[in-house]
Amino acid sequence: MAIKKHKAIALISGGLDSLLAVRVLQEQGIEVEGINFYTGFCVEGHTHAIRNKDKDKEKRNNALWSAEQLGIKLHIVDIIEEYKDVLLNPKHGYGQNINPCLDCKTFMVSKAVEWIHENRKDGFDFIITGEVMGQRPMSQRKEVMPIVAEESGADDLLLRPLCAKNLAPTKPEREGWVDRERLFGFSGRSRKPQMALAAEYGFEDYASPAGGCCFLTDKSYSDKLVDLWDSRGSREYELDDIMLLKVGRHIRPKPEFKLIVSRDAGEGQFLTGYRNQYTTIESVSHNGPLVLVDGKMEAADMPLAAAIVARYGQGREAEKVEIAITSPKAEPSNIWVQPMRVDAMPMEWHV
Amino acid sequence: MGATDAGRCDADGVACMSAHELDARRMLCPMPVIKAQNEVKTLEKGDTLAVICTDPGALHDIPAWARINGHQVIETEQVDDELIITILVGE
Chain V
0 MAIKKHKAIA
10 LISGGLDSLL
20 AVRVLQEQGI
30 EVEGINFYTG
40 FCVEGHTHAI
50 RNKDKDKEKR
60 NNALWSAEQL
70 GIKLHIVDII
80 EEYKDVLLNP
90 KHGYGQNINP
100 CLDCKTFMVS
110 KAVEWIHENR
120 KDGFDFIITG
130 EVMGQRPMSQ
140 RKEVMPIVAE
150 ESGADDLLLR
160 PLCAKNLAPT
170 KPEREGWVDR
180 ERLFGFSGRS
190 RKPQMALAAE
200 YGFEDYASPA
210 GGCCFLTDKS
220 YSDKLVDLWD
230 SRGSREYELD
240 DIMLLKVGRH
250 IRPKPEFKLI
260 VSRDAGEGQF
270 LTGYRNQYTT
280 IESVSHNGPL
290 VLVDGKMEAA
300 DMPLAAAIVA
310 RYGQGREAEK
320 VEIAITSPKA
330 EPSNIWVQPM
340 RVDAMPMEWH
350 V
Chain F
0 MGATDAGRCD
10 ADGVACMSAH
20 ELDARRMLCP
30 MPVIKAQNEV
40 KTLEKGDTLA
50 VICTDPGALH
60 DIPAWARING
70 HQVIETEQVD
80 DELIITILVG
90 E
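In order, the protein sequence lines correspond to chains V and F. Position one of the first sequence corresponds to residue 0 (numbering that gives the first Met the number 0), numbered consecutively onward. Position one of the second sequence corresponds to residue 0 (numbering that gives the first Met the number 0), numbered consecutively onward.
Extracted from the complex, chain F is given alone in its bound form (with noise of 0.2 Å):
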């Protein structure tokens, strides 16, 4: 877990905006959510979380979690039996 080099700036360059990975493979739902969840109070909004996790259950629960707190899943991803879903942080 931790934030990787691909951050964003604003035009400006002043904002800058931060990519995080979180690993939450073989955790079975909840806990993916609760982990993502718990990373992303640690984050700014405008920053990406990519969660990467095996429980085809976080398809359905991430992307709902995401939905009623104000953030935004903005990429899902299968490699493999592995599932990656970017969340953007909102509010």
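Isolated chain V (complex conformation) (with noise of 0.2 Å):
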């Protein structure tokens, strides 16, 4: 009688130690496919497609990458509307900035039990994570592991192949799906013993190590959705506002409106995307940025914000510099501003 080979479904960040687990278990004859989810709130590829000074960087998901490299087929699964739920009220609060890391470890895995189901014809048995006990300050201490597991409806159905012999074994480790003698024990925070797995895998060219994939763990970015959801009275938010905030110096010199200013071409090519949504202003009689007023900007305003974005352009020492503001539902206007001195411009305006 032929032995049923199982099959794992493998939670791929792309970085190193998801592509080490999935490797494991390929050692030991496990099929595996991987499952990606987007959160809107992801590192990979956004910053490198949109600012000039990443050009040089090969512009690569690295989830992609990783299934390329390990022959596994990838599903990336668009998360971004349920996720809002989980980053509004997550049930074990945040880490350091806004990061909801063991909510999201949970719904992730909860969302890989509800992708076996509905793919139940390709026969997954279980899922795997790259999760390594200690790593993580928030989602990876060894207490909250089985939380992750229970609350996501994953029980016993969760592997972590890198750390798995710090944990009691699961059902593929009982059921001798796989073999647990082949399995790893790393804990705590130094990367070592996962660099010399990789090492011996051949696996050089993984992203960087140290490197987290989620903008909530960045206190710059966390600050500037805080303030986002201070300006509103309200904490929704759309994609499109999520993508704004990885983009730009944000300055807010008044609670109503804050200006987006880009700081290079390729982050001024990508907001011109935005002209038909926003109010834009830029310098017509000097070279300079292109800027987005998110907000209510009254026309009272407009010679204050227009002399901020003079302060950013090549006029920026000129006595005077002419200003256009585009709004979507109103005639352009140009005005003549003097450019608002560098000392002028108080440090809280900036986001």
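One thing to keep in mind: the hints can contain errors.
[To be verified] Quick partial rundown of chain V residues pointing at chain F, CB under 8 Å, derived from the structure:
(1) Arg-59
(2) Glu-67
(3) Lys-164
(4) Leu-166
[What the hints assert, rightly or not] Here are the simulated lysine-lysine pairs, DSS-like style, with alpha carbons at most 27 Å apart:
(5) V:Lys-295 / V:Lys-253
(6) F:Lys-40 / V:Lys-191
(7) F:Lys-44 / V:Lys-83
(8) V:Lys-245 / V:Lys-218
(9) F:Lys-34 / V:Lys-110
(10) V:Lys-120 / F:Lys-34
(11) V:Lys-319 / F:Lys-44
(12) V:Lys-164 / V:Lys-218
(13) F:Lys-34 / V:Lys-218
(14) F:Lys-34 / V:Lys-72
Read the hints as simulated data drawn from the structure, not as lab findings. Source: prediction; values computed, not measured. All residues carry an ideal CB built from backbone N, CA and C; glycine is no exception.
Make one complex out of these two single chains by using the hints.
Below you can see the structure in the form of structure tokens.
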């Protein structure tokens, strides 16, 4: 009688740990496919595509790259809408910034469970992740790892090949689908064991071992998101909102509106795509950045906004600069302003 | 998005394959990949899907996605700031 070949779905972030976790199981003859969840906050791709300074970097999506290295299929799932509830109402709270890491991990594993049920015909038996005990302060502590398994509904079908030996045996181990002895017991924040294993498997060009993959762990990004919520009096957001937080300098001269100032041609080109949704401001008499107005700017605020925009263009030393203000709903207007002096702009305006 | 009238047929005229188009302009990766992936799920082997996008990241990501999932990029064209990446649907 033929022995059934077992099949796992792996959460692929694009980092080293998930790459290794899959390879560990492939070494045992387990068939693996990957799943990657897109929340809108993932670092992958966006800023590489937008900013000039990143143009030299290869524009690759590390989850796709990992899947190709491993020779596995990858399913990318858009969870932007559903993720809002995870971010806004995390049962287990936030980490250092507004990163709901434990709820996020639980949610993603629960989505993998759901995906297995929806794709029952493909015969997936269990789920794997690249988690390493103690590596991340919130979601990968020993005491919370069982919480993820339980609250996601994966229970003992959630296997973490890199730290399995530190945890109770899961069903794939107990049933002999995988050999527990050939799994690992990594723990702690050191990346050396993973890097050694990567070398053993011949992986060289993997994503930065120290890199996270979520903007929500970034203080500057979190501050901008909180500022957005505060200014609106609501924590609702759309994908465009969270994209724009990744681009440009954000300057809030008044509570009612902020200016998003492109920092280079790449960002200017990106912001151009928003001209039909937002009021834009740019210098006409001198070269300068394209600036988006987010919020409600009154006519009386225009000279102030224009002076700030002039300060970021090549006319910053000029006596007067001509500025064009273009709204999707109104006739464009041009005004001449004196550029705001660098030392006249309060630091607290920078979000 | 949807089928164009540029369908192709086998020599016997039985198995018709259709050409489809997907508008992924202004979307940042991985959204063009996700949209293409979801659209391909609704198509048959041999159909084509032309993904029109503006994020240069798609030049790398869509072919990578196609390779690992058994599809093939058969044409890549750039018209001004737009990229048209045509996928031949595999198994």
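Practice item. Compare the distance between the alpha carbons of Lys-319 (chain V) and Lys-44 (chain F) with 27 Å, and conclude whether the hinted pair is satisfied. Key: violated (62 Å)
Review point. Hey, Lys-40 (chain F) versus Lys-191 (chain V), does the alpha-carbon distance stay inside 27 Å?
Key: violated (41 Å)
Review point. Would the pair Lys-120 (chain V) and Lys-34 (chain F) pass a check requiring their Cα atoms to be no farther apart than 27 Å?
Key: With Cα atoms ~23 Å apart, Lys-120 (chain V) and Lys-34 (chain F) stay inside 27 Å; holds.
Practice item. Assess, step by step, whether the Cα of Lys-164 (chain V) is no farther than 27 Å from the Cα of Lys-218 (chain V), and give holds or violated. Key: violated (34 Å)
Review point. Holds or violated: is the Cβ of Leu-166 (chain V) closer than 8 Å to a Cβ in chain F?
Key: At 30 Å from the nearest chain F Cβ, Leu-166 (chain V) fails the 8 Å test, so the hint is violated.
**Study point:** 27 Å Cα cutoff - pair Lys-34 (chain F), Lys-110 (chain V)
**Key:** holds (19 Å)
Check your understanding: Would the stated hint for Arg-59 (chain V) survive a check requiring a Cβ distance to chain F of less than 8 Å?
Key -> This hint holds: Arg-59 (chain V) lies near chain F, its Cβ roughly 5 Å from the closest one there, short of 8 Å.
Point to revise | Given hint Lys-83 (chain V) paired with Lys-44 (chain F) - CA-CA distance at most 27 Å | key: violated (36 Å)
Check your understanding: Within 27 Å, alpha carbon to alpha carbon, are Lys-34 (chain F) and Lys-72 (chain V)?
Key -> holds (17 Å)
Review point. Taking only the CA atoms, is the gap from Lys-34 (chain F) to Lys-218 (chain V) under or equal to 27 Å?
Key: violated (31 Å)
Check your understanding: Against chain F, with CB atoms and a cut of 8 Å, does the hint on Lys-164 (chain V) hold up?
Key -> Since the shortest Cβ distance to chain F is 30 Å, the answer is violated.
Review point. For the pair supplied as a hint, Lys-295 (chain V) and Lys-253 (chain V), is the alpha-carbon distance within the 27 Å limit?
Key: Roughly 10 Å separates the two Cα atoms, so the pair holds.
When held up to the earlier numbered hints, the structure conflicts with 3, 4, 6, 7, 11, 12 and 13 and fits the remainder.
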